[in-house]
Structure formats: structure tokens, C-alpha cells
Amino acid sequence: MMRDDVRDDETLMLAYGAGDVAAFEVLYARHHAALYRFVRRMLGRHFAAQVDEAFQDTWLRVVQSAARWEPRGATFRTWLYTLAHHRVIDLVRRSGRELSIDAVDGDGDADVAAWEPQATAWQHWPAPAGSALHGDELAFWRHAGERLLQCLEQLSVAQRSAFLLHHDDGLSLDEVARALEVGFETAKTRLRYAMAKLRACMGAYLAPLAESSG
Amino acid sequence: MTDDVTPPGRAPADEARDAHLRAALRHAPDADARPPDAVSARILAVARASSTRADVSRDSARRRQGRLASMLAGLWISAARPSMAGAFATVVVATLVGVLWWERPIDVAMVRPAPVEPSAPPAATTAPPATLSKPTLTSPSALPKPASPSPAEQATPLARVAPPAARAPDAFPAPAGRRQAPRSSVDAPSRSVEPAPEHASPPVDDAAAADQRTDVRGDRSAPTAAAAHERSEAEPVPKALRKSETQGFVRRERDANLAAAPAAEPRDQLSAAAPQAPAAAGLAGLRARVQSAPEQWTWTRDGIDDRHPGAALTTWLAEAEQAARANASATNAAGKDAATPAGSEAARLEIQLFEAGRRRAIVRVTAAGIDLVDETGRMQRIRLDPSTSAALAASAPR
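Chains as they are written, first to last, in my numbering: chain A, 1 to 214; chain B, 1 to 398.
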């Protein structure tokens, strides 16, 4: 694979649409890990068996649309996550589980209002940006990561996608809105409530490192 | 990244907590998850195959375009060859001819029929019905010859020969402006090949009306129309059949005339038809035209006293016509100077007739007979015995 290709995603996609297979390989190399992680976290444990299918279908949609693809105001990455989001929603709907994509307003307010984090507890957490993690710190953050994945499954699909796109994949709020095909304010609201839920979930059950170690 | 999602009124620690969430995501157990190699290989294989198919389809489209271009080029090259160009031109000409013949009567548009039987109407149809019953035209070659009167005709009294004015033969040529225009512009090309077809067009049913018309037609049409008229009266024939017969006869007669006088212009119908028409017909036609529109005509005797024609003049012309029919042995004196009397035959009388100020005819009575000069200068001489000539000169109006 040509992993060191300096062309941007849109140029590569156009090149692949013109028949350049190597351009697609570069695109795949750039985005396959993040996209796989996004799909996996979106589907959660309940749909772990469909992760590969959703991931593969997403890329196949890219392949099928390559000949007529045009950058219409959105980046390739935004479009790629849009395809993945659609595929995830299709899988969830096909499974028969209840899916409340837009049920974001108010459903987490009670939890957020009920929980008030203790400021002292957060202050004993290790620094998140620390590059050199010691044994206890590393164990703490791995535990935090496991807890966060559990908390993510408590979010609605809409809130989960907004949080993952914004915090995990680094999309801006505007790109999140484009990827989810919603308005900017809607995306912002979904993200706000998602974080409130996650904070409550994480703070209530993840004890500060000082307390747990002490 | 986190400013826009920090709820108002929150403690500053909320921003750090966002960093904590991100740190937790980075250290989640699935942070290093990758798609299985089989999935990646399948995706890449599909991508390569799709690109190959796109290339193939592009190549095939390019090949199709190239094939189409080569076909067009081959067609263009083959069209430039003489055989193909000739075939194309033939199709174009056939289409053009078909369009030109569209809506033309089938008997007119058809190819000229084979030579006809010699039972065609006589050339001397200007004669009375007794003469008409004896056709003299037996072949086209006989048309150009002047019809020589039979002994019976020579013996016919003047009063019996005199025809009514309405049935006078239209032997004298009509002015060019009064001739009928071609039936349609589509006929023009064929007319250029076969001149003067208009005098052949009156059908049998219209023959009577054509006789009543004041418009005087060419001398060649007169016998045709008259003969057709007589035939139509004698035997009731179906309309279509009579029409086709008449047109066929006229066409045959016209062809014969063209063969006999090919150099004559279409307008000079009198000149072209003079050899085969009796000289008396010219006088009859002249008289008919004068009688039809006397206000347009003036005449002079011996070059003086210009006046409109009256009954005296038409009566005298009728007498001259009768005398010509009774005694005539017309000779074509074409080429002679029409303005001066011929040689020793000094003119006893000269009457000039003008239509709309233009001289149309000169009737000159000499000791040898009558000289009839048409507007083109062609002269026909009708030989009379001296006594008849003298009597005719004496009876001329003054």
C-alpha cells in the first residue's frame, strides 16, 4: 500500500474513480482503523457480530460510488462516516431493537441533575495527557476505558455517534452535523447530552485514582 | 474542541473531564482494534475488480466510439466513389421528378405514347363542317404542308363558306400577354423541352367555351380545338376518355409541328404554323379578333385616316376570307419584304390594322391576290384571279 501518499482524501477518491486502484489502497490505509473502531463502538457488544459486515459494506459503498463521487462541500472522511452511520442504523433497525435516534432531549436530564460530581474526586484522577504512565495510572485508564465503553452503550445511537465522531475521530461540530445529516444545533445538543450522561456514568462508578489506590 | 459543549455554569473541571474522557477512549480495550485481514483483503479485491471493470467498460466504450467513427469514415469514403455518388444522384433525381409530377394529371405526366393512328382530325378544321368530315391530316409529316383546297372546296359558294363569327377559327396568334400562363409552375421544366403546350390544353368539354372566348389562340390550337369540339358533339364519349384523346392528339400534332419547324420561337405561332395552315384562316382569325374587341383596334387604308373598325371593315374581311377560301392557293412568301408590294404586283389597296397602337396585320390587295402580313413581317399570299381581286379592292371600306 502507498501509505506515504501526500494527496488529500478527495484527490485520492477522484483518482480511484478514474481507475487508480492505488489511490483506494491509500484511502483504506488511512481510514480503515478509525472507521472500524467507530463501527465497533457504535454497534457495541450487542451487535459485535455485525461489525465486520457493517465495516465491509461501508467500504463497498465507497467502491460502488467511486465512479460518480464528487466532493460536494463535504470531505471524504465526513462522507465515509456518513455511510458507516447509515449502515449501523440499518443493522440496528434490522435487528428489531428499539432505536431512538432523535430521543436526546431530556432523556438524560434526570441523570445529570441527580448526579453532582465531587470536585475533589476529579482532582485525584491522573493527568489525562500524561505520556508516561506508570503502572497504576495505566491500569486506571484502562479501567476507565472499559467503563467508558459500557457507558457508551447507555447512550442513544444519535448521542453515541455524535460523541464518537467529535471526541474519538476528531470531527468538528460542523462535520459532525454533516456526517449525521442534521443541523448544527441538533448535533451540538446531542453531543452535550451525551457528555453529561457519560460524565455521570463515569464519575459515579469510576473512583478517583487516589481513593482507589488509597 | 470542548468549549462549545461545556454547559454554562459548570466548574472549570468539566473541561478537564472532557480530556479525561478522551484519555479513557484512548485507553479503551478496543483502541487498537483493526479489521480482520480477510475483510481488508476482500475489500481491496473488490476495489481492484471494480476498477478493472470500469477500465474494461471505458475501453469498450472507447472501442465502440472508434468503431462508430470508422463506420462513418467508411461511409464517407464510399459516398465519394463515383458509383455511390451516381446512385445517390439517381435517387435524388428520382425524388425530384416524383415531386415535380406530383398531382399532375396522369396523361400529361406520362411518357409520350407511341405514334398514333392516322385517323386524327384534319388540319383544315377551320373549314366548315363538310370539310371537317374529311380529315386530311394522315400523318405528322403532312402537317407542315399547306393544305391545298379540294375541288369541292373550290366550288363552294362564298356565302356557304362564310362561318359565323363565334365559330371562326382562332388561327391568328394572340398577343403574348394574352396567352394563358402555364397551368402551374411545376410544369415549367417540361415546357422548356416541349414549347407551346398551352394551346393544346383546352379539353373537349371546354372546347365550346373556348370557341366563345374572345381570346384568340394560336393557329395550331384552333384546328385541334375545333376538331375536338366536332367530335365531342358527334359522339358522346366518356369525359376522361375524350380528354385524354384530345390531349393525346394535341400532343401528337404539336410534336409534328415541332419536327417541321424546329427553329421557330414559341411566340411566333403564326410564322411557325404558316406552312400548314390555310391562308384564309389568318384572315378569319384576324376578323375574329377585331370583332371581339373593336375598341382596341384601329385601321388605316393606304396609310391614312386612322379609325376604329366597324361593320364595313369586318364585312370586307369576311369577303376577303371567302374569296381566299374559294380561290386561294396560298403560298408562303416568307422572307420577302412585307413593307413593299412584291415586284410588278402593285398594291391596289393596303389596309393596316393596329391593336393598342401596335400594328398587327397588313391586308394588301394586289392584282395577283391578297397578301396577308402578320406582326412579325411574315407574309402569306393568296392568289386570286384578277377579277376577284379587283372586286375585292373595289368593295374595301373607305
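Note that these hints are calculated values from the structure, not bench results. The beta-carbon is built from N, C-alpha and C at its ideal position, and this holds for glycine as well. There's no promise every hint is true.
What the hints assert, rightly or not - Beta-carbon label-pair distances, calculated as ranges:
no., chain 1, residue 1, chain 2, residue 2, range
1, B, A87, A, R7, 51 to 61 angstroms
2, B, A89, A, G19, 22 to 32 angstroms
3, B, P36, A, D136, 55 to 65 angstroms
4, B, L100, A, A67, 14 to 24 angstroms
5, B, R62, A, E53, 33 to 43 angstroms
6, B, S60, A, A33, 51 to 61 angstroms
7, B, S60, A, H143, 26 to 36 angstroms
8, B, A41, A, G135, 36 to 46 angstroms
9, A, R7, B, A33, 46 to 56 angstroms
10, A, E146, B, A38, 41 to 51 angstroms
11, A, H143, B, A38, 28 to 38 angstroms
12, B, S60, A, A49, 35 to 45 angstroms
What the hints assert, rightly or not - Non-contacting residues of chain B with respect to chain A, defined by C-beta distances greater than 10 angstroms in every case (computed):
no., residue
13, A28
14, D30
15, A33
16, R42
17, A47
18, A69
19, V99
20, W102
21, I362
22, A394
Stated by the list, open to error - Going by beta-carbon spacing under 8 angstroms, a handful of chain B positions derived as facing chain A:
no., residue
23, A23
24, H27
25, P36
26, A41
27, L44
28, V91
29, V92
30, Q352
31, A356
32, R358
* V92 (chain B) as chain A interface residue, shortest Cβ-Cβ below 8 angstroms -> violated (47 angstroms)
* Does A33 (chain B) sit more than 10 angstroms from chain A, CB to CB? -> Check fails; 5 angstroms does not lie beyond 10 angstroms.
* To do: Can you let me know if the beta-carbon spacing of A87 (chain B) and R7 (chain A) is within 51 to 61 angstroms?
  => This hint holds: roughly 59 angstroms between Cβ atoms.
* Status of the hint placing Q352 (chain B) at chain A (closest C-beta pair under 8 angstroms) -> Interface hint status for Q352 (chain B): violated (96 angstroms vs cutoff 8 angstroms).
* Assertion that I362 (chain B) lies outside the chain A interface [Cβ separation over 10 angstroms] -> holds (96 angstroms)
* Go ahead and decide if the range 55 to 65 angstroms is satisfied by the Cβ distance of P36 (chain B) to D136 (chain A). => violated (34 angstroms)
* Starting from the range 28 to 38 angstroms, see whether the pair H143 (chain A) and A38 (chain B) falls in it by beta-carbon distance. => holds (32 angstroms)
* Asked: Against chain A, does R42 (chain B) keep a CB gap of more than 10 angstroms to every residue?
  -> violated (7 angstroms)
* Taking the closest Cβ pair, is R358 (chain B) under 8 angstroms from chain A? -> With a minimum Cβ separation of about 86 angstroms from chain A (threshold 8 angstroms), the hint on R358 (chain B) is violated.
* Minimum Cβ separation between A47 (chain B) and chain A greater than 10 angstroms? -> violated (5 angstroms)
* **Claimed clearance of chain A by A28 (chain B), with the beta carbon kept past 10 angstroms** => violated (3 angstroms)
* Asked: Against chain A, with CB atoms and a cut of 8 angstroms, does the hint on A356 (chain B) hold up?
  -> For A356 (chain B), the interface hint is violated, since the closest Cβ of chain A sits about 85 angstroms away, which is over 8 angstroms.
The structure fails hints 2, 3, 4, 6, 7, 9, 10, 13, 14, 15, 16, 17, 26, 28, 29, 30, 31 and 32 (numbered hints given earlier, in ascending order).
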